[in-house]
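*Asks:* Okay, here's what each chain looks like letter by letter:
Protein chains: 4
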Amino acid sequence: MNSFGRIFRVNIFGESHGPGTGIVVDGCPAGIPLAEDHFISDLNRRKGGSKGTTSRKEEDLPEILSGVFNGHTTGAPLTVFIRNKNIRPSDYESLKDIPRPGHADFVAMKKYSGFSDWRGGGHFSGRLTTSLVTAGVIAKKIISPVLCEAKLTEAGGAADIELAIRKAIENNDSIGGIVECRIINVPAGLGEPFFDSVESVLSHIAFSIPAIKGIEFGSGFNASRMKGSEHNDKIVSRDGRTETNYSGGINGGITNGNDIVFRVAVKPASSISREQRTMNFKTGKMIDLKIEGRHDLCIALRVPVVIEAAAAIVMADFMMLEQKIARINK
Amino acid sequence: MNSFGRIFRVNIFGESHGPGTGIVVDGCPAGIPLAEDHFISDLNRRKGGSKGTTSRKEEDLPEILSGVFNGHTTGAPLTVFIRNKNIRPSDYESLKDIPRPGHADFVAMKKYSGFSDWRGGGHFSGRLTTSLVTAGVIAKKIISPVLCEAKLTEAGGAADIELAIRKAIENNDSIGGIVECRIINVPAGLGEPFFDSVESVLSHIAFSIPAIKGIEFGSGFNASRMKGSEHNDKIVSRDGRTETNYSGGINGGITNGNDIVFRVAVKPASSISREQRTMNFKTGKMIDLKIEGRHDLCIALRVPVVIEAAAAIVMADFMMLEQKIARINK
Amino acid sequence: MNSFGRIFRVNIFGESHGPGTGIVVDGCPAGIPLAEDHFISDLNRRKGGSKGTTSRKEEDLPEILSGVFNGHTTGAPLTVFIRNKNIRPSDYESLKDIPRPGHADFVAMKKYSGFSDWRGGGHFSGRLTTSLVTAGVIAKKIISPVLCEAKLTEAGGAADIELAIRKAIENNDSIGGIVECRIINVPAGLGEPFFDSVESVLSHIAFSIPAIKGIEFGSGFNASRMKGSEHNDKIVSRDGRTETNYSGGINGGITNGNDIVFRVAVKPASSISREQRTMNFKTGKMIDLKIEGRHDLCIALRVPVVIEAAAAIVMADFMMLEQKIARINK
Amino acid sequence: MNSFGRIFRVNIFGESHGPGTGIVVDGCPAGIPLAEDHFISDLNRRKGGSKGTTSRKEEDLPEILSGVFNGHTTGAPLTVFIRNKNIRPSDYESLKDIPRPGHADFVAMKKYSGFSDWRGGGHFSGRLTTSLVTAGVIAKKIISPVLCEAKLTEAGGAADIELAIRKAIENNDSIGGIVECRIINVPAGLGEPFFDSVESVLSHIAFSIPAIKGIEFGSGFNASRMKGSEHNDKIVSRDGRTETNYSGGINGGITNGNDIVFRVAVKPASSISREQRTMNFKTGKMIDLKIEGRHDLCIALRVPVVIEAAAAIVMADFMMLEQKIARINK
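Order-wise, the sequence lines are chains A, B, C and D.
First residue of the first sequence: 89, per the working numbering; consecutive thereafter.
First residue of the second sequence: 89, per the working numbering; consecutive thereafter.
First residue of the third sequence: 89, per the working numbering; consecutive thereafter.
First residue of the fourth sequence: 89, per the working numbering; consecutive thereafter.
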């Protein structure tokens, strides 16, 4: 459901054009220094701003509603709320009965029998990733010196990302991309058999991010084309360092002390300004839809900070379970 | 940990060379016809037998220890146990301090400080997939008419799988493969925002299967190279059928009523008969290791029935949560 | 932790003298009519006001932050926040190092190494029951026609409750009480073996309410003094009605269709105006403490609406699990 | 459902007259010395044998099916199975349609629409407490030096327990009792706000034990008749020792370092040899039922070891969560 993690437990809530979005983190260690301005930097990275991202401008000013006292986390549930300010629900009024192709509109209508908030995707909106980023800021603090670093390595199939964006703008069509994440300084022994392998839990959270369609660890899909004699990483030191890292830092679902490396495939944004054919569910007729509103041409540009947050949340939970993070940060 | 699912909850246990492997299913609907011989067919599909699979021969005779009465499930926890018979722990005695490259040996030693059962991988062994298959048999019954069908579509990078296996045997080296799974007759509306998207939960269980290194849904990694105008599936009927299925039957993490399609990348088996360099942790010296024992050259051959089971377990849980499966099968 | 329930899942957060208190309900069915003023009546019942309750006056105006659209729940997480207005943290400044006898001050200091919010009990304050009441309002709506009705049956050991309160005011000393709750129109078959008996789950949530020290179902502690021939309730109709109800409507942990009846023992409030001996942890010396601030003489007066809420939350979860409540309220 | 605990997680399964009963413990620390004969002593305490207990004699020989290697727990799921040997299902054949008064027969029939195992209560049988006791043996090992000690303090309303039993045998009627449990050497700070107070979690597991109808902590129901000035325990030392212990070692749901003290009320066994009136659900007629089979006159005699086990399981989970127990017992 809308919570993730066993010990460091993140709950998220909110809608794109409702009062706002937020998180409740349950199980956060006490004693972590935290203030509202600590969230700004990562929220800014997630925000629209550069070419190819939406023109909707949100201030994204987080308010701490509980769990912090005298500048530190208290151990009680930590609530952060970001009030929506620049909402334009009227942009979506006309789309009520016309599911946008590629969006969650149709499934939301089906799943909730018409009661879901259809304004800009409601709870299914990419705007909910503000919550992930917010929780990620806290997670990053507590997992230190473990670091999660993600970057866009490919857009529209090309390594020259700027060029790809320029072409997308010219074509007025959205493009996808590949984001690679590397987690460093990872202790060996994280991950839980049988069902909570590190890959299982990282992929679980990664696929909660809208627009992710694939994930691979280490050699990933290439592994299917390799031989065992090539693929096996040779252990070359007592602490488990390996010569190569085809396993992506994970064996048998457990971290081996090498860097965790994974890549996610981001699909092109579903909202495009071009006309698209779809069904009007009120009339039952096929129509040509041109989506107004403010959209991203390359959402992959905004994914790295979200993936970093997701990875940090997973690490925080595994490290607390393995008692690598104390419940009190003294 | 070793349980999966919220309502239809599968617990697994066991070791490769211990007394056996098993499952406890909690939350199984009452009234499902079930007998011990119902498991045989899928367990046989999983078993070694064809070329390229291990010569270890296990009877795999399941015993029902609880939860079935008068030929039907009772609603109480359902326990099935498969006793190991053809164990040869002595095959592994010499490997105690020498982690096999690519295996979980090193991480298990680290995580459990030397207390883990190192015989043939212990709890990390691929033998644990008997438990998944066993649970899958039950899940398949209760999700009907939803069907999960998986097949090996590529081995060693080639579509001609027989040839690929022959070459692997010649080379005495293991190879990987790609398994595709299709779930049909899926009701629209399964999956739970935000964190329990259908992709999240399917990937979670898929990556618990040893040797899986990647997963993609619908267009998958190709999506990263497509344009929005190409990728968006056009809705062409009131029940949500789409002209194409790049989304793999899932939008916003929720099923849209089209087939769910996903592919997993299987790495080459880590155990190979060739000499490999690794460290002897007792002496701290690098050595050349030749692994004895009975191994698979292409574990991907055995993965389809396991993936089907995993998919069926996920569907069972989502369908019970969404009240598409009654708690009593009257 | 700070969440309760498997399907209808209530998360609570907040502090007595922080920004406020609130809930996030995950798994609430879509389509339930809900507006902010629906909470007022039960919040008023919980509030101080009559003789014997605190003079702190809070408006308790709930704001819905997510999960409601067009006057109905959407199926997305439902967040309600009550901002604290009448806070007086300075009342507690001097108590920082002096744990009040009977309060959670000492354990909070120990558990969170001094990082907990010590103002008026912080997250341990009885003020958090606003969150239970808020969630209870939603639960009561969805379990209808099942009704939870609680009343104070005894205060300070006497059935004449008004008199008991008057005497407490005269003595300037707090008193305890007994609250009885009856749940009517209960369907048979709720509750889950082995660990989630109806008694287990009701007692779990009841003991989360501050000041509860005991709970008993049906004949309760009296059962220990009865004979089997007296205690066994005779089934007298096909739907399971029994002649007597010593079992309190529950057999083997499962509802039998008769009314559920339970009683909780409420201790006298720990905060009293009289001098009490305790330790100053800064100096290590024993001192005489007189607690300023605004307190209840008989918190039991405020417990009935909280117990009703708790019972309704439990019923909602069991009924959803048993598919007696649809996920969409059409 | 049939699992309990967040970190130290106990799953139980089995039936009274099926193949047997058992547990799977997930999350047990690695490195705990464990062998099959370690369970015998507590299982014997639970067993029938003394006057007033059933004449059914089970050997109760546990078999470890997974999770132990070289005499120590491995960190993998730990499975223990006790095969039923002395089963007499024919004793119950005639009761199929005639729910025994006070038993779970009626609710099981209702809940599972006739599919439940009705032989001797099936999964609802008191025989399932073998599983609790088995898990308790493991829990007791890992929580050391914390100790859980329970004893019968009252039977049939009298402190002279032997006499009470003698009279019950004379009357051929069952009697109830009170069991008191004391947990000593408890570290301060266990328990989790808001919903997982120590009372919440202890009562949750206590009420899963068949025949428990009430629980009280410290002063318990007496608290409702006390004044605050009497009830508040004075803190008299830096480590939180109090002069009195009316709180039962728990404030605000958190342990305060004093002994935890609680009492449970055990009802008289429902199975008695006297004739009782009930309904035959096949014919719809009221009949006089005389229950054959082998029964306890005072089940409370067997409860202390079960309560100890339950308490130890709770302590194990809280102590692991609070990182007071290491995941590896080196």
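There may be inaccurate statements among the hints.
For the chain D half of the interface with chain C, some residues (derived, Cβ under 7 Å), not all of them [as the list claims (entries may be wrong)]: (1) N90; (2) S201; (3) G202; (4) E280; (5) D284; (6) S291; (7) A353.
In short, the hints are calculated from the structure, not lab data.
Computed from a predicted model, the values in this text were never measured in an experiment.
Quick reminder that beta carbons are idealized off the backbone N, C-alpha and C, glycines included.
*Asks:* Determine for every hint whether it applies to the structure shown.
*Replies:* Hint by hint, here is what the structure shows:
With a least beta-carbon distance of about 5 Å to chain C, the hint placing D/N90 at the interface is held under the 7 Å criterion. The beta carbon of D/S201 comes no nearer than 9 Å to any beta carbon in chain C, farther than 7 Å, and the hint placing it at the interface is violated. This hint is violated: D/G202 has a C-beta 12 Å from the nearest C-beta of chain C, more than the 7 Å allowed. The criterion of a C-beta within 7 Å of any C-beta in chain C is met by D/E280, whose closest approach is roughly 5 Å, and the hint holds.
Interface hint at D/D284: satisfied, since its Cβ lies 6 Å from the closest Cβ of chain C, which is below the 7 Å cut-off. Checking D/S291 against chain C: minimum C-beta separation of about 4 Å stays under 7 Å; hint holds. With 7 Å as the threshold, the beta carbon of D/A353 comes within range of chain C, its nearest partner Cβ sitting at about 4 Å, so the hint holds.
Consistency note: the structure conflicts with the earlier hints numbered 2, 3.
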